[in-house]
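Please build the complete structure, drawing on both the sequences and the hints.
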Amino acid sequence: MPATKQKNHIPTWMAHVANAAGGLVVLLGLVVMVGWFTDFAFLVQLRPQWAPMQFNTALGFILCGVGLVSLLYNRSRLAVGCAGLSMGIALLTLLQYSLGADFGIDRFLFEPGIVTKTAFPGRMAPVTAMAHLLSGLALMALAAGPRWLRMCLLMVRLFGMGVLALGLGNLLGYVVGGETPYGWSHSTYMAAHS
7 MPATKQKNHI
17 PTWMAHVANA
27 AGGLVVLLGL
37 VVMVGWFTDF
47 AFLVQLRPQW
57 APMQFNTALG
67 FILCGVGLVS
77 LLYNRSRLAV
87 GCAGLSMGIA
97 LLTLLQYSLG
107 ADFGIDRFLF
117 EPGIVTKTAF
127 PGRMAPVTAM
137 AHLLSGLALM
147 ALAAGPRWLR
157 MCLLMVRLFG
167 MGVLALGLGN
177 LLGYVVGGET
187 PYGWSHSTYM
197 AAHS
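Under the working numbering, residues 7 to 200 are what the sequence shown spells out, in order.
If you are wondering where the hints come from, they were derived from the structure by calculation, not from laboratory data.
Virtual Cβ for every residue (Gly too), placed ideally from N, Cα, C.
Be aware that a few hints might be false.
As a list, the in silico SDA-like pairs of lysine to any residue whose alpha-carbon atoms are at most 25 Å apart [said to hold, decoys possible]:
{"no.": "1", "residue 1": "Lys123", "residue 2": "Val169"}
{"no.": "2", "residue 1": "Lys123", "residue 2": "Leu100"}
{"no.": "3", "residue 1": "Lys123", "residue 2": "Asn80"}
{"no.": "4", "residue 1": "Lys123", "residue 2": "Ala21"}
{"no.": "5", "residue 1": "Lys123", "residue 2": "Leu65"}
{"no.": "6", "residue 1": "Lys123", "residue 2": "Gly183"}
{"no.": "7", "residue 1": "Lys123", "residue 2": "Leu160"}
{"no.": "8", "residue 1": "Lys123", "residue 2": "Leu105"}
{"no.": "9", "residue 1": "Lys123", "residue 2": "Leu101"}
{"no.": "10", "residue 1": "Lys123", "residue 2": "Arg113"}
{"no.": "11", "residue 1": "Lys123", "residue 2": "Arg53"}
Label pairs and their calculated CB-CB ranges [said to hold, decoys possible]:
{"no.": "12", "residue 1": "Phe43", "residue 2": "Met167", "range": "30 to 36 Å"}
{"no.": "13", "residue 1": "Gly110", "residue 2": "Leu159", "range": "35 to 41 Å"}
{"no.": "14", "residue 1": "Arg83", "residue 2": "Phe46", "range": "33 to 39 Å"}
{"no.": "15", "residue 1": "Gly110", "residue 2": "Thr18", "range": "43 to 49 Å"}
{"no.": "16", "residue 1": "Pro152", "residue 2": "Thr44", "range": "40 to 46 Å"}
{"no.": "17", "residue 1": "Pro17", "residue 2": "Glu117", "range": "41 to 47 Å"}
{"no.": "18", "residue 1": "Pro17", "residue 2": "Phe114", "range": "36 to 42 Å"}
{"no.": "19", "residue 1": "Gly166", "residue 2": "Arg81", "range": "17 to 23 Å"}
Below you can see the structure in the form of structure tokens.
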């Protein structure tokens, strides 16, 4: 059980929820990575006509999940490091889109074999990159400590609502017709399980 009640001053039930959420996010990222390494398409892409979850997206999920769980164990440096790496990947991805550049980060760790609804092989969708950026910022705010607690909790709520809106909008697009509700249809689509 995480040492949360004494140092982090959060209720035990909330620590359990955060621990489970962090663990599930890590598990999702690991399952997708296994799918990429074993060429098991269903783990990467829920339906053949839908966009796959990119390798860097899965890595970002793992980093954010580890960051969240590490906060519960009072490992704020690890949380900040994980959040920083996830945000770095997201920022570089957004820069590539905005500059029309290719920094090589999309295929640095893994060469993708599935490119459905993918304008740039291996590159996460801009919406996904924004969600990872907001998640990283929320983790950074949580790691700031009790001195800035009120402001940090407000920031976490705002960033969380942003991530929720991006994710639900994407999921709604898949449910009603398989299209993204965002204006980047010429680009890489966000995977349904992102």
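Hint check results:
1. Of the pairs offered as hints, the one joining lysine 123 and valine 169 holds, with about 22 Å between alpha carbons and a cut-off of 25 Å not exceeded.
2. Using a Cα cut-off of 25 Å, the hinted pair lysine 123 and leucine 100 holds, with the two alpha carbons roughly 18 Å apart.
3. Note on lysine 123 and asparagine 80: the hinted pairing is violated, with a Cα-Cα distance of about 40 Å set against a maximum of 25 Å.
4. A hinted pair counts as satisfied when its Cα atoms are at most 25 Å apart, and lysine 123 with alanine 21 does not qualify at roughly 38 Å.
5. About 20 Å separates the Cα atoms of lysine 123 and leucine 65, which keeps this hinted pair within 25 Å; it holds.
6. About 14 Å separates the Cα atoms of lysine 123 and glycine 183, which keeps this hinted pair within 25 Å; it holds.
7. Annotation: proposed proximity of lysine 123 to leucine 160 is violated, straight-line Cα distance about 36 Å (limit 25 Å).
8. Taking the CA atoms of lysine 123 and leucine 105, the gap is near 20 Å; set against the 25 Å cutoff, the hint holds.
9. Simply put, lysine 123 and leucine 101 have alpha-carbon atoms about 20 Å apart, close enough for the 25 Å limit, and the pair holds.
10. Our distance criterion of 25 Å between C-alpha atoms is met by lysine 123 and arginine 113, whose separation comes to about 17 Å.
11. In summary, the hint linking lysine 123 to arginine 53 is supported, as the alpha carbons are separated by about 12 Å, within the 25 Å threshold.
12. Between phenylalanine 43 and methionine 167 the Cβ separation comes to about 34 Å, which falls inside the hinted range of 30 to 36 Å.
13. Our hint of 35 to 41 Å for glycine 110 and leucine 159 holds, since their Cβ atoms are close to 38 Å apart.
14. Judged by the Cβ atoms, the range 33 to 39 Å given for arginine 83 and phenylalanine 46 holds: they are separated by roughly 35 Å.
15. The supplied range of 43 to 49 Å is met by glycine 110 and threonine 18, whose beta-carbon atoms lie about 45 Å from each other.
16. Taken as a hint, the range 40 to 46 Å holds for the pair proline 152 and threonine 44, whose Cβ atoms sit roughly 44 Å apart.
17. The beta-carbon spacing between proline 17 and glutamate 117, approximately 45 Å, falls within the hinted interval of 41 to 47 Å.
18. For the pair proline 17 and phenylalanine 114, the beta carbons lie near 41 Å from each other, so the given range of 36 to 42 Å is met.
19. Range check, glycine 166 to arginine 81: Cβ separation about 21 Å, and the 17 to 23 Å hint holds.
Hint compliance for this structure: hints 3, 4 and 7 are not met, and every other hint is.
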